[in-house]
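Peer 1: As they're listed, the protein sequences go chains A and B. Per the numbering used here, the first sequence starts with residue 1, numbered consecutively. Per the numbering used here, the second sequence starts with residue 1, numbered consecutively.
Some clues are possibly wrong.
Okay, the calculated beta carbon distance ranges per label pair [what the hints assert, rightly or not]: (1) A:A220 x B:S313: 48 to 54 Å; (2) B:L381 x A:G14: 31 to 37 Å; (3) A:Y13 x B:F264: 54 to 60 Å; (4) B:F264 x A:R69: 33 to 39 Å; (5) A:A105 x B:F264: 34 to 40 Å; (6) B:L381 x A:Y13: 31 to 37 Å; (7) B:Q314 x A:R279: 24 to 30 Å.
Reference excerpt, derived from the structure (chain A facing chain B, CB under 8 Å, subset only) [to be verified]: (8) A66; (9) R82; (10) R208; (11) V210.
Lysine to any residue pairs mimicking SDA-like chemistry, simulated, CA-CA at most 20 Å apart [to be verified]: (12) A:K87 x B:E19; (13) A:K224 x A:E267; (14) B:K128 x B:G144; (15) A:K86 x B:K128; (16) A:K196 x A:G233; (17) B:K418 x A:D172; (18) A:K86 x B:G144.
No wet-lab data here; the hints were simulated from the structure. Heads up, the beta-carbon is just placed ideally off N, CA and C, and yes, glycines get one too.
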Amino acid sequence: MDEVQLDKVRKAYGHFVAVDDLSFNIPQGAIFGLLGPNGAGKTSTIRMMIGITVPDSGSVSLFGEAFRRQHLTRVGYLPEERGLYKKMKVVEHLIFLAELHGLSASEARRRALSWAERMEIAAWLPKKVEELSKGMQQKIQFIAALLHEPEFIIMDEPFGGLDPVNASLLKDVLLDLKKQGRTILFSTHRMDQVEKLCDSICLIDHGRAVLAGELKQIKAGYGKNHVQIEYEGDGAFLRQPDGLVESFNDYGNHVELRLKKGADPQELLRAAAAHCRIRRFELSEPSLEEIFIDVVGKTDA
Amino acid sequence: MPEQPMRNLGIILRREYLERVRTKSFIIMTFLMPAIMFSAAFLPTMLIGRRSAGHRRLVVVTDNPQLAQSFQRQMQQFQPKAGETGMQYEVETSADTSEAARAKLSSEVGALHLDGFLWMTEEAVRAKKVIFHTRSASDFVEIGMVQRALRDGILEQRLAAHNVSSAEVDDLLKRVDLDVIAVKGGAGVGMLLAALMLVLLLYMSVLMNGIIVMRSVLEEKNSRVMEVMLSTVTAKELMAGKILGVGSVGLTQMLMWGVMGALFGSPTLSALGKVSEGVHFTPAMFIFFPIFYLLGYLLYAALSAALGAAVNSQEEAQQWQFFIILPLIASTVLMMPVFSSPSSTFSTVLSLIPFFAPILMYMRIVAQQPPAWQIALSIGLLIATIYGAMVLCARIYRVGILMYGKRPTLPEIVKWLKYA
């Protein structure tokens, strides 16, 4: 069953079209990546999914029904722009937000304690929000999005501003929720994270879907004509006009390149080995980052 | 989960109320405000009534000894009686009207040997231009005394020239006291004090709580709490919860002022004695106070909430805030004319205008109970205006709270009103 369904959704603010004819489905229990460059319309799309704004045309369905506000107690949302009431005590804030999601105060308190233990932040519960660091506030808000055990969870850039330890703590929780059959929408422009977590994606640009589907299929569609090379020394071989390399992206400590049609990777390896020390040479599908740059670059051109 | 439309509103209202009542500023204001009101109403009266004691020396310069004597005699009546504190005036006369004498007196005043001198030559009197040299040119009480003594002294001299005896002159000049006695239902001097206190309190409450609403909307917007709140509640619920929450805080404060007033009010008034004589309150003052507070507050809070949502910083807010509270400030300016003639057409019309009604209709009720239909009409118009303001402001609010960065122009705000 599809937990979430967007059908030909369109939203314009005056002359500016934020979301244009956007459709996608998220199956129950999947992790779905809503991707796109800054200003592509990700947040506008999410806002229509939780009733902050209403689409000009098209429809949004949650849990197999046309959108109703009552659905919202089954949705958890971690907004990209994070904020809490600074003067409130952490535990009271969690209870307040959980009550708005339909929980009783006592149940909310019980769950807040157990989640705080799990997120290693229990000692901070009696403090005021303003005494917490940014990262800790983010963990609090993460808990707030999950306290009412939502079936559909929206995470807008959940790892932004977190150190690796806490980011991995969050990632484990999300994977755990997936195992429990929850559906997760993950909005980001950080492709490396999506690649590790998502089952399917929708890449939007200028409010339109430019690439959508299961991650595996999308990658397979691009074929294994990508090469990742880690090397020491002169990288001049990349620029040789010998007809092997179609395009490349230099990431500093490694380079990812796309071969021309019919080019032999062994030839490239020989050419590269002649110039520098190779530490890794891997034939692969394109990374999502490559696909992103490829697709978005094209539509912008 | 069954639909519970009022549940979210209740949760938001409760949070707003509890968080605010617990703040230090609430506790301080609750106790400080009555003290400020009290001082504003009574201290000036007390200070003027109780002039500082002391001794002042004046010189009258004239070439007419009779006139000097008359002036001296007239000044005599201002001397404090036995047992009273006040200024003792010592008036000397001088017949030296030369310019040198004048310069010498001037330097004496400058050197603090003398408090002032009066240049009252025959010539000056004929020209009706007597000059009083003094260092305390702003002491209007003293200037008033000198002026009266001068006028009565000259009059006495003129009448004496027509063979009127000084006893007769005294009788002629004796002031007739005007006693103002308020008829039941009318306004007395004491009423004015009570009215001013209450109306000022009403004005401050509406103004301050409106500003609190604006600030807290702005804070929610800037801290981005809005984003997460809107994932479960509607902008309307959020705005209504905020306005009602802050409004209840105001009502709580008033209740506490009422209790404080009942406990300490009458003993304080009686301790003040003469100053507070005639200060009395009527039940109508207390019944209509919370009503007009609530109505006035709701109107200005709706406007303030919309303003808080439309702007991005305190500085921006302050520039616009003035326009919103302008009618409120205007009401206080119009207070005195309305109080002095509460039943005039001017007052009636003003007090029916919804933006003035909270202050001015209340003022009329305090001054002189207006006809019931006028009170009902002003409340009806107010409620209709509040409804309209809420609908429009909720639209601005809904769009504004999610708009960051750029300051919206007026045409843009008008466009927000049209969004579905």
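Peer 1: All hints, please: hold or fail.
Peer 2: We went through each hint and held it up to the structure:
1. At roughly 51 Å, the beta-carbon separation of A220 (chain A) and S313 (chain B) lies within the given 48 to 54 Å, and the hint holds.
2. Between L381 (chain B) and G14 (chain A) the Cβ separation comes to about 35 Å, which falls inside the hinted range of 31 to 37 Å.
3. The hinted window of 54 to 60 Å between Y13 (chain A) and F264 (chain B) holds, with their beta carbons roughly 57 Å apart.
4. As the Cβ distance of F264 (chain B) to R69 (chain A) is approximately 50 Å, the hint placing it in 33 to 39 Å is violated.
5. For the pair A105 (chain A) and F264 (chain B), the supplied restraint of 34 to 40 Å holds, since their beta-carbon distance comes to about 38 Å.
6. One distance hint, 31 to 37 Å for the beta-carbon pair L381 (chain B) and Y13 (chain A), holds here, with the actual separation near 36 Å.
7. Between Q314 (chain B) and R279 (chain A) the Cβ separation comes to about 56 Å, which falls outside the hinted range of 24 to 30 Å.
8. Below 8 Å, beta-carbon pairs count as interface contacts, and A66 (chain A) has none with chain B, the closest being about 15 Å; its hint is therefore violated.
9. Nearest Cβ of chain B to the Cβ of R82 (chain A): about 6 Å, under the 8 Å cut. The hint holds.
10. Checking R208 (chain A) against chain B by beta carbon gives a least distance of about 22 Å; that is not within 8 Å, so the hint is violated.
11. Violation of the interface hint for V210 (chain A) is found here, the shortest Cβ-Cβ separation to chain B being roughly 26 Å, above the 8 Å cut-off.
12. Of the pairs offered as hints, the one joining K87 (chain A) and E19 (chain B) holds, with about 8 Å between alpha carbons and a cut-off of 20 Å not exceeded.
13. Between K224 (chain A) and E267 (chain A) the alpha-carbon distance is near 16 Å, which keeps this suggested pair within the 20 Å criterion.
14. Annotation: proposed proximity of K128 (chain B) to G144 (chain B) holds, straight-line Cα distance about 17 Å (limit 20 Å).
15. Between the alpha carbons of K86 (chain A) and K128 (chain B) the distance comes to roughly 71 Å, so the proposed pair goes past 20 Å and is violated.
16. Note on K196 (chain A) and G233 (chain A): the hinted pairing is violated, with a Cα-Cα distance of about 30 Å set against a maximum of 20 Å.
17. Proximity of K418 (chain B) to D172 (chain A) is assessed by CA-CA distance (about 45 Å); at most 20 Å being required, the pair is judged violated.
18. As the CA atoms of K86 (chain A) and G144 (chain B) are separated by approximately 59 Å, the hinted pair breaks the 20 Å bound.
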